[in-house]
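Given next are the chains, with one letter for each unit.
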Amino acid sequence: MNKPKLYIGTAGWSYKDWIGSFYPFKQSKEFNWLEFYSRYFNAVEVNSSYYAYLSPRVAESWLRQVEEADDFLFTVKLHQDFTHKRKYGKEQIEAVKYILDLLKKEEREERLGGLLMQFPYSFGFNDGAVDYLRRLIETFGEYDKFVEVRHKSWKGKKAKTVTFCSIDQPEIGESIGFEPVTGNGAAYIRLHGRNTEAWKKSLNNFGKKQTYEEQNARYQYLYSPGEIIEIADKIKELYDEVKKIFVIANNHPRGDAVANAFELMHYLSDRKKIRMPETIVSAYTQLNEFLTN
Amino acid sequence: MRKIIHLDLDSFFVSVERILDPSLRGKPVIVGANPAYGRGVVAACSYEAREYGLHSAMPINRAYRLCPHGVYLHGHHDEYARFSKAVERLLKKYAPQMEQASIDEFYMDFTGTERIYGSLFLFAKKLQSEIEEKLSLPCSIGIGGNKTIAKICSEYAKPEGITCVYPGMEKDFLAPLPVETVPGVGKVMQRALKDKGFRTIGDIANAPEEYFGAAFGKHGLALWRKANGEGKEYLNPPHKRKSISKEKTYGKDVSNRKEIEETLFKLTGKVCQTLRNKNRVASTIGVKLRYSDFVTLTREKTIKPTDDDKTVFETALELFRKADTRRVSVRLIGVRLTNFDDFAEQEELFETEETIRKKMFRAINKIRDKFGYSAINLGGFPKRN
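In order, the protein sequences belong to chains A and B.
Numbering-wise, the numbering used here puts 146 at position 146 of the first sequence, and it's gapless, one number per residue.
Numbering-wise, the numbering used here puts 90 at position 90 of the second sequence, and it's gapless, one number per residue.
Where hints are given, some of them may not hold.
Listed below are several chain B residues computed to face chain A (Cβ distance under 10 Å; list not exhaustive) [what the hints assert, rightly or not]:
no., residue
1, Leu-20
2, Ala-81
3, Leu-135
Derived EDC-like pairs (lysine to aspartate or glutamate); straight-line CA-CA distance at most 16 Å [what the hints assert, rightly or not]:
no., chain 1, residue 1, chain 2, residue 2
4, A, Lys-104, A, Asp-71
5, A, Lys-157, B, Glu-133
6, B, Lys-171, B, Glu-230
7, A, Lys-155, B, Asp-342
8, A, Lys-5, A, Asp-270
9, B, Lys-85, A, Asp-233
10, B, Lys-196, B, Glu-209
11, A, Lys-104, A, Glu-142
12, B, Lys-85, A, Glu-230
13, B, Lys-134, A, Glu-230
14, A, Lys-273, B, Glu-133
15, B, Lys-92, A, Glu-68
16, A, Lys-160, A, Glu-142
17, A, Lys-155, B, Asp-309
18, B, Lys-270, B, Glu-230
19, B, Lys-158, B, Glu-48
20, B, Lys-92, A, Glu-237
21, A, Lys-158, B, Glu-348
Hints listed in this document are in silico derivations from the structure and should not be mistaken for laboratory results.
For each residue, glycine too, the CB sits at the ideal point set by N, CA and C.
Starting from the given sequences, assemble the full structure and let the hints guide the process.
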C-alpha cells in the first residue's frame, strides 16, 4: 500500500484553555506557543486569517517560530469577506495573496499547505454557488485549495482542481455525513466533534451575541477510541488515491483536539508510540498507553 | 471438507471498557445492570470476576453478593458497536466469506484458501495477534469442518487460545466434553439429559439416533447430530437491508391533520438521514397510516432515486393526503423507503467544454430518436467569406 504524507494538527494553536492540558503551566519569558506546538505536530490551520487580514510581520514571526520543525505546513483559512459576506475587491485579494506568498516562497522550505475556503451551511449547491466558487478558485489559481461546504446538497460533488474537505460533524438536519473525499491529489479532513446538542443550540443562536464559551461549546467533544479508530480506518482507505492527507482537529475546547490528534497519529502509524508532552498525558491519562519514553 | 473459523472476542465488553479506562485492567469488572436496583443481569464479566463464580446472564444481585468489590459498569454500548465494526473491517480483508453471529462473534469460511494463507492454524495465530495489536482486543479462535465444531473449539480455546479440530477427529474431541458445551443446550435440556444419564457429549453420540428422536424430539435429533460432529457447513449469506422505515404511534390518537403532517416531516428527515449514512438512494416511498379503529392503509409511489428530504417528504405528503379520506383520528403514521441503489458516482463539478458537449449530443440524440432527425439542429453555420 502506498502511504501518502500525513499532516496532522489542529485548527489554531493559541487557546488559553490548553494551558495545563498541552502547554505547560510554567512558561518562561521566551516560551513560544507555536514553537512548542511545532515540536509535536507537522501542520496547523490558521484561523485568525478568517477574521482579519494578517499582517506580514505576524506571518514572518510564525515562520521564525517553526524554523526548527521539518516539513511543517500552515493551511490558511480564507477571510470571511470571500466566503461568508461574499464581497471583496482587488485589495482584499492582494492582502490574502501577500501572506500566502510569504509562506509559499519561504527560502528554506515551503510552509504553505494551502488555502482553506470554508463556506457556511447556507451555501447550498446551485448554479450560482458553483459559479461563485469557480471564480474564487481561479482567483487563487496558483495555490492548493481546500473547500469546505457543509450542506448535503454538495454530496458526491468533486473537482479536479481543488480538494473538497471531508468533515466530521454532528449528524443533524441536512448536514453531510463523514465520507472522506479526495481531489487534486489530496484529502483534507476536518474534525468538528459530534456534540449534537450544542451544535443544534448554536444553529438556533446564529447571529446572536454570544460569549466565547457559548460560541465554542459546539466544538467541545472528545472523540472516543472507537470513533478515532473508525476515522483512522476511513482515512487509510484513501491511501492509494492521494499523495497527501491533512487531518485537522477542530474540537479545540479544553485540549480535546490535541488529545485526539495524538490518538489519530498513533492509529495512523500502525500504533507506533508517540512523542507527547507530559501535560497532555496527565490531562488525558488514556494517552499514557502509547507515549514513547 | 470445509474450513470454518469461529472467532470470539474474549469478554468483549470488558475489553472495550479497559481500552476506555486502562485502570480497570486486572480488576474484576462487570458490565450489566446496576446492582443498586437489584434487577437485571450480568451482560459480561472479566476473568477476574469469573473467579468469584460470576458468569454472564447471572442475576446482578447474585453477582453482587459473590463479588461486592467488583467494578460494576452500565457499559458504553455505542463504543462496543464501533469496536465490533472495526474487527469486522479487519477480518473482511482476509475472509472470503463472513457471517457475524453477534456483536462479538464471527464465522468465516476459509475453504480453499490454503494456497493463499497456508496453515489455517498459523493464519489464525496471525489474525489473533493482529486484532490484539491493532485494536487491543483479545480473542479466541476455533477451527473446524462446520460451524458447530468451530464454535465449540473457540469456546474450548478461551481465553486467548486457538483450537483446531482436524477432519475425522470431531467425535474424539467432543466425547469427553460435558453436554452443556454444545451450543443450544440450556439448563432445562441439560437437566433432562442428566436425568437420563447423559453427562458427556460422548454419551449422546454413543446412544442410538432413534432413541434421541423419540426421547427429545426434533431438538434431540439435532443434538445427536451435533454430538456426532455434524453441523452447518455453510455460512448464512449477508443480509442486505431491504427497507428503511420509521413509525410513530401516538400516545393519544390525533385528529389534527397538521400535526400528523408535521410528524411525517420529522419521520422523513430521520429515514433520509439513515439512507444517506448508508450511502444509498431510494426510489420507492411508502406511507403507512393507521386509524384509531385499527384500519390500516399503506400507499407507495416510485420516483426517481433520491436521498433528498424535500423530495421524499413531498412524495410522502402527497401519498398521505390521497390516502387519508376518512374523518377518523389517527393512531399511527409511518414512512418507509425501499428499492435501494448505491449513491451515484461522484459528479465532476467544473465540467470541461468537452464533457458538456458530449452531454449535449447525447440529449440531441434522444430528441431526434423521438421526434425525428430534423427536430433539432445546431444553430449557426460559419458564413462564407
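- Query: Failing hints, ascending?
  - Reply: 5, 15 and 18
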